[in-house]
Amino acid sequence: AQTVTQSQPEMSVQEAETVTLSCTYDTSENNYYLFWYKQPPSRQMILVIRQEAYKQQNATENRFSVNFQKAAKSFSLKISDSQLGDTAMYFCAFMNPTGANSKLTFGKGITLSVRP
Amino acid sequence: DTAVSQTPKYLVTQMGNDKSIKCEQNLGHDTMYWYKQDSKKFLKIMFSYNNKELIINETVPNRFSPKSPDKAHLNLHINSLELGDSAVYFCASGQGVYNEQFFGPGTRLTVL
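Taken in order, these protein sequences are the chains called A and B.
Each residue of the first sequence is one higher than the last, beginning at 1 in my numbering.
Each residue of the second sequence is one higher than the last, beginning at 117 in my numbering.
Next comes chain B alone, as it looks inside the complex (with noise of 0.2 Å):
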């Protein structure tokens, strides 16, 4: 039983396109992350939810979008996709006393 997965996968669009990454988490957790690993590696935090609420939103462009329609689920739309957007993103979500985060599979995103 996957406890926080994302579809798809791999995603490669043009530029210019719109696209969503899905997430779903079934540990029964409040919160949820979107963090970006780009080509270098790099993990940073873009937004989180809370109960389908925005709490952080990390200085990312307005055409990412996160939605919460609820507790288990969190996708991210991105409108007029960029070459910089290309990236793996991760879902994950946490709950409890040291808030452990876990992880999605991460989705490959290339923008030709």
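So that you can see chain A by itself, here it is in the shape it has in the complex (with noise of 0.2 Å):
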């Protein structure tokens, strides 16, 4: 089974500063996606961004890029040019693309606070 970690319960950064949100995985499998959801507090869940295991470019969009480390199952979100609107939860999240048994393994979540 896989297992997704985000060992900080929380984060605060100044806005327009750069954060970093960390992740860590385990699995046994060689092809699998990773994703950052953010959950403002409207409770919607919102794709960030998503990195395909078989890529070794990390990927980016717009103020948002990954830092992806394959051997050490690594995983973390940097937000530069932080705005508060970010202010939200981010769960890491991990799948095993098998079609109709594909399933979001969720990390705890890490509460992010962009300060004024």
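These are calculated hints, taken from the structure and not from any lab test.
Listed below are the simulated BS3-like cross-link pairs for lysine-lysine, each with C-alpha atoms no more than 27 Å apart in a straight line:
#1 K73/A <-> K157/B
#2 K70/A <-> K55/A
#3 K157/B <-> K108/A
#4 K156/B <-> K78/A
#5 K138/B <-> K160/B
#6 K125/B <-> K135/B
#7 K135/B <-> K157/B
#8 K108/A <-> K55/A
#9 K73/A <-> K152/B
#10 K73/A <-> K156/B
#11 K168/B <-> K135/B
#12 K70/A <-> K160/B
#13 K78/A <-> K157/B
#14 K156/B <-> K108/A
#15 K108/A <-> K160/B
#16 K152/B <-> K138/B
#17 K78/A <-> K108/A
#18 K78/A <-> K160/B
#19 K160/B <-> K73/A
#20 K125/B <-> K108/A
#21 K152/B <-> K108/A
Each of the two chains sits in its own frame; use the hints to bring them together as a complex.
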């Protein structure tokens, strides 16, 4: 079974600065996907970024980028130029893409606060 | 146009009651899911359906019964509600290479 660990329960960052959220996972699979989801106070789950394990290049989406270290089973999220709207819980998630059997396994989440 | 919708958004009920949560997706996806987010915000898969067929059932008590009348709908019926069932329940749908999953807005269930 896969496990996802987010060991930092909360972090705080000044607006416009950069913050990195950590995530490690454990799996014996070679082909999988990793995701970061954002959950603001509205509780809507919003996909921030995804990474395919077979790709060596780190994914980037505007101010969001990941540092994917496959051998170390590490998948951290970097948020640049933090904005007040980035205040939310962030969940790291793992998926073994087996079609209809695909399910997301989530970490416990981290609460990020962006200070004005 | 809401991609994945759930009703109701809030549900407050007494222990022992039976309740249902409805979910609809207009994305044309084949697979739909139910996730539970507990009071500590931990999210866990409960069920998945593919084209009305149950695929994943993650050791959920049999008081929980998902029903899929068609591939655009996946409802969750809960019998004999218990205090521990209080949580936020998310519906999601997915399809494609990544099977990227799109989530509904969640239903906060409170059992008194």
